[in-house]
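Number of protein chains: 2
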Amino acid sequence: MTGSVSRPRIGIIGTGAIGGYYGVMLARAGFDVHFLLRSEFAAVAEGGLHIDSAVHGPLHLSAVQAYSQAADMPPCDWLLVGAKTTSNASLAPLIAQAAAPGAKVLVLQNGLEVEDELRTLLPDSLHLLGGLCFICVHRAGPGAIVHQALGAVNIGYHSGPLQHDAAARQALVEEGAGLFQRAGIESQAMANLQQARWQKLVWNVPYNGLSVLLRASTTPLMSDDNSRELVQALMAEVVRGAQACGHELPAGYAEHLFKVTEKMPDYWPSMYHDFLHKRALELDAVYVRPLAAARAAGCELPKIQALYQALAFIDANNR
Amino acid sequence: MTGSVSRPRIGIIGTGAIGGYYGVMLARAGFDVHFLLRSEFAAVAEGGLHIDSAVHGPLHLSAVQAYSQAADMPPCDWLLVGAKTTSNASLAPLIAQAAAPGAKVLVLQNGLEVEDELRTLLPDSLHLLGGLCFICVHRAGPGAIVHQALGAVNIGYHSGPLQHDAAARQALVEEGAGLFQRAGIESQAMANLQQARWQKLVWNVPYNGLSVLLRASTTPLMSDDNSRELVQALMAEVVRGAQACGHELPAGYAEHLFKVTEKMPDYWPSMYHDFLHKRALELDAVYVRPLAAARAAGCELPKIQALYQALAFIDANNR
Numbered sequence: 001m002t003g004s005v006s007r008p009r010i011g012i013i014g015t016g017a018i019g020g021y022y023g024v025m026l027a028r029a030g031f032d033v034h035f036l037l038r039s040e041f042a043a044v045a046e047g048g049l050h051i052d053s054a055v056h057g058p059l060h061l062s063a064v065q066a067y068s069q070a071a072d073m074p075p076c077d078w079l080l081v082g083a084k085t086t087s088n089a090s091l092a093p094l095i096a097q098a099a100a101p102g103a104k105v106l107v108l109q110n111g112l113e114v115e116d117e118l119r120t121l122l123p124d125s126l127h128l129l130g131g132l133c134f135i136c137v138h139r140a141g142p143g144a145i146v147h148q149a150l151g152a153v154n155i156g157y158h159s160g161p162l163q164h165d166a167a168a169r170q171a172l173v174e175e176g177a178g179l180f181q182r183a184g185i186e187s188q189a190m191a192n193l194q195q196a197r198w199q200k201l202v203w204n205v206p207y208n209g210l211s212v213l214l215r216a217s218t219t220p221l222m223s224d225d226n227s228r229e230l231v232q233a234l235m236a237e238v239v240r241g242a243q244a245c246g247h248e249l250p251a252g253y254a255e256h257l258f259k260v261t262e263k264m265p266d267y268w269p270s271m272y273h274d275f276l277h278k279r280a281l282e283l284d285a286v287y288v289r290p291l292a293a294a295r296a297a298g299c300e301l302p303k304i305q306a307l308y309q310a311l312a313f314i315d316a317n318n319r
Numbered sequence: 001m002t003g004s005v006s007r008p009r010i011g012i013i014g015t016g017a018i019g020g021y022y023g024v025m026l027a028r029a030g031f032d033v034h035f036l037l038r039s040e041f042a043a044v045a046e047g048g049l050h051i052d053s054a055v056h057g058p059l060h061l062s063a064v065q066a067y068s069q070a071a072d073m074p075p076c077d078w079l080l081v082g083a084k085t086t087s088n089a090s091l092a093p094l095i096a097q098a099a100a101p102g103a104k105v106l107v108l109q110n111g112l113e114v115e116d117e118l119r120t121l122l123p124d125s126l127h128l129l130g131g132l133c134f135i136c137v138h139r140a141g142p143g144a145i146v147h148q149a150l151g152a153v154n155i156g157y158h159s160g161p162l163q164h165d166a167a168a169r170q171a172l173v174e175e176g177a178g179l180f181q182r183a184g185i186e187s188q189a190m191a192n193l194q195q196a197r198w199q200k201l202v203w204n205v206p207y208n209g210l211s212v213l214l215r216a217s218t219t220p221l222m223s224d225d226n227s228r229e230l231v232q233a234l235m236a237e238v239v240r241g242a243q244a245c246g247h248e249l250p251a252g253y254a255e256h257l258f259k260v261t262e263k264m265p266d267y268w269p270s271m272y273h274d275f276l277h278k279r280a281l282e283l284d285a286v287y288v289r290p291l292a293a294a295r296a297a298g299c300e301l302p303k304i305q306a307l308y309q310a311l312a313f314i315d316a317n318n319r
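The listed protein sequences correspond, in order, to chains A and Z. For the record, in the first sequence the residue sitting at position 11 is 11 according to the UniProt record's numbering, with numbers rising by one throughout. For the record, in the second sequence the residue sitting at position 35 is 35 according to the UniProt record's numbering, with numbers rising by one throughout.
No wet-lab data here; the hints were simulated from the structure. One or more of the hints may lead you astray.
Stated by the list, open to error - If you want a taste of the chain A side facing chain Z, the calculated C-beta under 10 Å gives, among others:
#1 ARG215
#2 ARG228
#3 LEU234
#4 PHE258
#5 VAL260
#6 LYS263
#7 MET264
#8 PRO265
#9 GLN309
#10 ALA312
To be verified - Per label pair, the in silico range of CB-to-CB distance:
#11 A/PRO142 - Z/PRO58: 19 to 29 Å
#12 A/PRO220 - Z/GLU255: 32 to 42 Å
#13 Z/PRO161 - A/GLY298: 50 to 60 Å
Predicted model only: the values in this text are computed from it and were never measured. Glycine included, each C-beta is placed from N, C-alpha and C at the ideal position.
Excised from the complex, chain A in its bound form:
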């Protein structure tokens, strides 16, 4: 019932901006992609998925294999989880239902330790991987996604049957990266998922938080000396936290992300959209756990701590 190795069957759990974008790109590359949807099921089943991409032009996947229930999906070899970290517990049974035996579950979420809760709720036979998406994308309406820039995905192995076999684990991660690469998407197999997550935090900690705190998108944040310095100081603290936790990030990595952001089109990070729509902010994954991990390693991150406390106040008063 599952797809072949050369054309694995891919399930998208949570067809928002991230799941929708990568799902459409993979489907256009010839993969057999199945989309699980909730509120947008009817719109997508009827009208398909539309991506307004500044990189690829307008994309339209008309014949979407759309499902409103995981039980209706065929068993998938790869499952891409693009939902919010705050909903992981409720997603676990859906993932298990849609998974072929030995399936690979790739969690496309930001933050630290986002797989840990899922892991305890999934069968041991499933591989769990994490993916960090460097992309400017947001949902514009039912079945409609706007892709502004970038698109790379860095992948690492979290846990599962290959946990203790480094070589086989890495081969599987490379298989995952290969899927994206065949769809024209830049993708790196990371030897260390935790390090990959810390690297992504170098971007998310400053920009996600400051977008909410200062009600500002990337262009104004990068146009003011004070916010630029604050971004850099927060990035430097993430790098210090990573280091304290044993992850030496590549030299100049923060500067690289800072420069990438300068060249990006004006972008509102996902946390701002959550704030605007009065949804829970992903504070645990992006702030609480990194702060706790750094502290456990004897490293205080005072500016991130202050930013987190301010955001927690805003979040509590926003819902």
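Dock chain Z against chain A, hints included.
Chain Z alone, transformed into the frame defined by chain A:
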């Protein structure tokens, strides 16, 4: 032309909430008080000054000695400056015009080094003092002031003819405190003005800034665990900064102000009113100079630095 020692003549330069409140209290205690006004001159000359006080009940000073120009004022023995720190340079000539020979100029403003610019613009013969007001008061309309709680003023000597005579200097500061005390206002003569200013910063740094950053008054800030911790962390940094600059604040001082604030009625600090009315925020006095003074003493204050940078971004985008 000046008043007697027992009944000195007092001029109020900038009859906003602070100048208006203390001016009315002093006038009601029998002092000869003269008020300099700008936009509110006509309203006050006609209708007087009204204070809606939660402490004293409604107060009305009907026959206000009001002036629209400093040149029209009689020479005053004491001048109370209640305007924003951001306008000090333009106030200096008005102060000089209204000052009797050897007059005492008391700057009722928050922040560090707020007297320094004034000093260079005033005659050497004038005494310059600073006063720190612990009071919840705001302007409600032309000639109308709301007094919610507290009222104490701590006074210290900045510079002038008595600069090198500690005993005479302290006697003059006590004379100033005595004016307020005779009006029923708690007032302390502080031996060290810089220390007094650092003490007041323990309150202003967290509450002024967070009121703007989080659009929150004191009650919500004191009702949330995260903002409470953030307030305490910012207070602790001010205490460290003071210490680095050689000012050992009284033991438990931050805890004392924290508890006072818990018992206060819900209060919007003055910086929030400035933000709301798109006026310049007093960032130099409350943040830039304390940060620079601490840094010059080898002490970094990372959370205050982050708060300042966020506020500077907000301020730049607010005007």
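Range hint 32 to 42 Å (beta carbons of A/PRO220 and Z/GLU255) holds or violated = holds (38 Å)
Report holds or violated for the interface hint on A/ARG228, using the least CB-CB distance to chain Z and a cut-off of 10 Å.
-> holds (9 Å)
Closer than 10 Å between Cβ atoms is the bar; does A/VAL260 clear it against chain Z? Give me holds or violated.
-> Check failed: Cβ of A/VAL260 comes no nearer than 21 Å to chain Z, outside 10 Å.
Regarding the hint that A/ALA312 lies at the interface with chain Z, is the smallest CB-CB distance below 10 Å?
-> OK, holds: A/ALA312 within 10 Å of chain Z, min 4 Å.
So, A/GLN309 near chain Z? Judge it on the closest CB pair being under 10 Å.
-> With a minimum Cβ separation of about 4 Å from chain Z (threshold 10 Å), the hint on A/GLN309 holds.
Using the C-beta atoms of A/PRO142 and Z/PRO58, is the stated range 19 to 29 Å upheld?
-> The hint (19 to 29 Å, Cβ to Cβ) is violated, given that A/PRO142 and Z/PRO58 are roughly 58 Å apart.
Grab the minimum C-beta distance from A/LEU234 to chain Z and call the hint holds if it beats 10 Å, violated otherwise.
-> holds (8 Å)
Quick one, is the A/LYS263 hint okay against chain Z at 10 Å, beta carbons?
-> violated (21 Å)
Do the numbers back the hint for A/MET264, that is, is its least Cβ distance to chain Z under 10 Å?
-> violated (18 Å)
Should the hint that Z/PRO161 and A/GLY298 are 50 to 60 Å apart at their CB atoms be regarded as holding?
-> Given about 55 Å between the Cβ atoms, the range holds.
Taking the closest Cβ pair, is A/ARG215 under 10 Å from chain Z?
-> Because about 9 Å separates A/ARG215 from the closest Cβ in chain Z, which is inside the 10 Å limit, the hint holds.
Quick one, is the A/PRO265 hint okay against chain Z at 10 Å, beta carbons?
-> violated (20 Å)
Comparing the model with each earlier hint shows violations of hints 4, 5, 6, 7, 8, 11; every other hint is respected.
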